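Protein chains in written order, with our numbering: chain A, 1464 to 1603; chain B, 5 to 439.
No lab work stands behind these hints, which were simulated from the structure alone. Predicted model only: the values in this text are computed from it and were never measured. Hints may contain errors.
Claimed, not checked - Which bits of chain B does chain A cover? Going by a derived footprint, with three or more residues having C-beta under 8 Å, they are: (1) 29-42; (2) 390-400; (3) 403-416.
Ideal Cβ positions, reconstructed from N, Cα and C, are used throughout, including at glycine.
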Amino acid sequence: MSVKQISVFIENKKGKLAEATRYIADHNINLKALSIADTQDFGILRIICDEPAAAKEALMNGGYITTVTDVLAAAISDTPGSLASILEVLSEANVVVEYTYAFNSSKAGAYMIFRVDDNQAAAAALAGAGIKTANQEDLF
Amino acid sequence: MSNYYQPEIECASVEELKKIQSEKLVAQVKRVYENVKYYRDLMDEKGVTPDDIKSIDDLHKLPFLTKADLRDAYPYGLLGTDLKNCVRIQSTSGTTGRRVVAFYTQKDVDMWEECCARAVMAVGGTNEDVCQVAYGYGLFTGGPGLNGGSHKVGCLTLPMSSGNTERQIQFMRDLHATILCCTPSYAAYIGETLKDMGLTPDDIDLKAGIFGAEPWTEAMRRDIEKSLGIKAYDIYGLTETSGPGVSFECEEQTGMHINEDHFLPEIIDPETGEVLPEGSKGELVFTSLDKEGFPLLRYRTRDICVLSRKKCSCGRTLIKMSKPMGRSDDMLIIRGVNVFPSQIETVLLNEGYSANYLIEVDRANNTDTLDVSVELTPEQFSDTVKDLSAKEKSLANAIKTMLGINPKVHLVAPKTITRSEGKAVRVVDKRKLHD
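Chain A extracted, bound-state conformation (with noise of 0.2 Å):
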């Protein structure tokens, strides 16, 4: 149970997102969700859209540097301390999380992205505590 996420090396320089950002629409790539992290040099755009294997080659072609990576999409509830509860699972399953943001769907509702070193231990997890993860096809 994951997504694909497709995240793009981008120079931490006045214009470059806006730059990346035009060509992927350019592209026709709906961002679905995305997160940028940054350091004082560089930034790493990772994006959620439907169609990661034409985006990617896309991205490629435009000289874009880019990867695609599998990360868990937990469902979460609107309601006050949904986030940690997930978290404390996948504590308690020894997951490491890398990083996390939000992404919301009009078909399928609210989810959680997460990066974690182990998907199938983490989606194990989530699934035993009765939260559900979504596959690719769930979401679009």
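Could you slot chain B onto chain A? The hints should help.
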């Protein structure tokens, strides 16, 4: 004020100097031809025998030595005597290929220290002075050279080495140091630290400084002189010939007197190798006239400068060289360390990066900065900042291991490093090092 360590040499007539040089050269060429197979082969190849060298007028007949020869002959190929006669090595930083390891007999060490003693006396040093040596000690020639020179003059020597600036200033004040020896950028930094500590030049007893191992400008000289309340003097040297003290400034501060009784200078056209007349700008070449351990003949320094025999008000007759005005190769001097871009390239390739990189050297707060930008390859990309930061750090460490100086490493996107004619522009030196 005219203080000479060896006036019979420093103020000898040009004829006397040439006579000494010729005698030493003839003997040195014979010795090298007998003892150094590497150079003998070069001479044989050129069809020159020791008998062809009768005076310094025949110097041009000898083959050149270059950094490449030092690499080929590393480590013992240019050794001029049995290893058992050697008592010391000094070395530059760098890889096997770029590292210079020079051997010294006791006589070589004494000669080197005498050269530095001439420099210490030329700035007014006597046995009543307290000389603070804040050059690095160890393999680097700066500390040991000036330390030895200071001893020979009889100064009370403070062997501080570089760094720990507040402690430097404390010793400087408590022990009333009068002469400071270090790199010019470190001198400027000490000046700033003094100010930051709420002190003025009146709070210290320094009167002179001997600064070298890296290029510096007249503007820097004025700043240092003002911030420390001293006269700042230049000193020049290279590990290949001995270390600092190959040439030194006197009170006139208009170029450096070459200790030409030991180091015979020439200026050549770096393209053709042709010897140029006095006063021409070209590449400086040195012949060690009496080194035993590492006797380099016609060694091409790659430093571009001008020689002048114009009469000097200090009374010394030793020929003067200008501050180096540049290099005829791509060597950079960063924080006193000789750096070749190819060294950084080697590290990048070893670490799996492309050869598309940019080296930027600048000077901030009187300290050289080294920034290395390198294009990331798709294989190296990761979606986590942790991984990429670790890559930057590990690359910085590898460069530090190679050069001995800490760079800032920047990973950049592919094809972002400017290319001219398809080749990446590799070095940008933003420092203003030459007037």
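Failing hints, ascending? Number 1 - this is the single hint that the structure violates.
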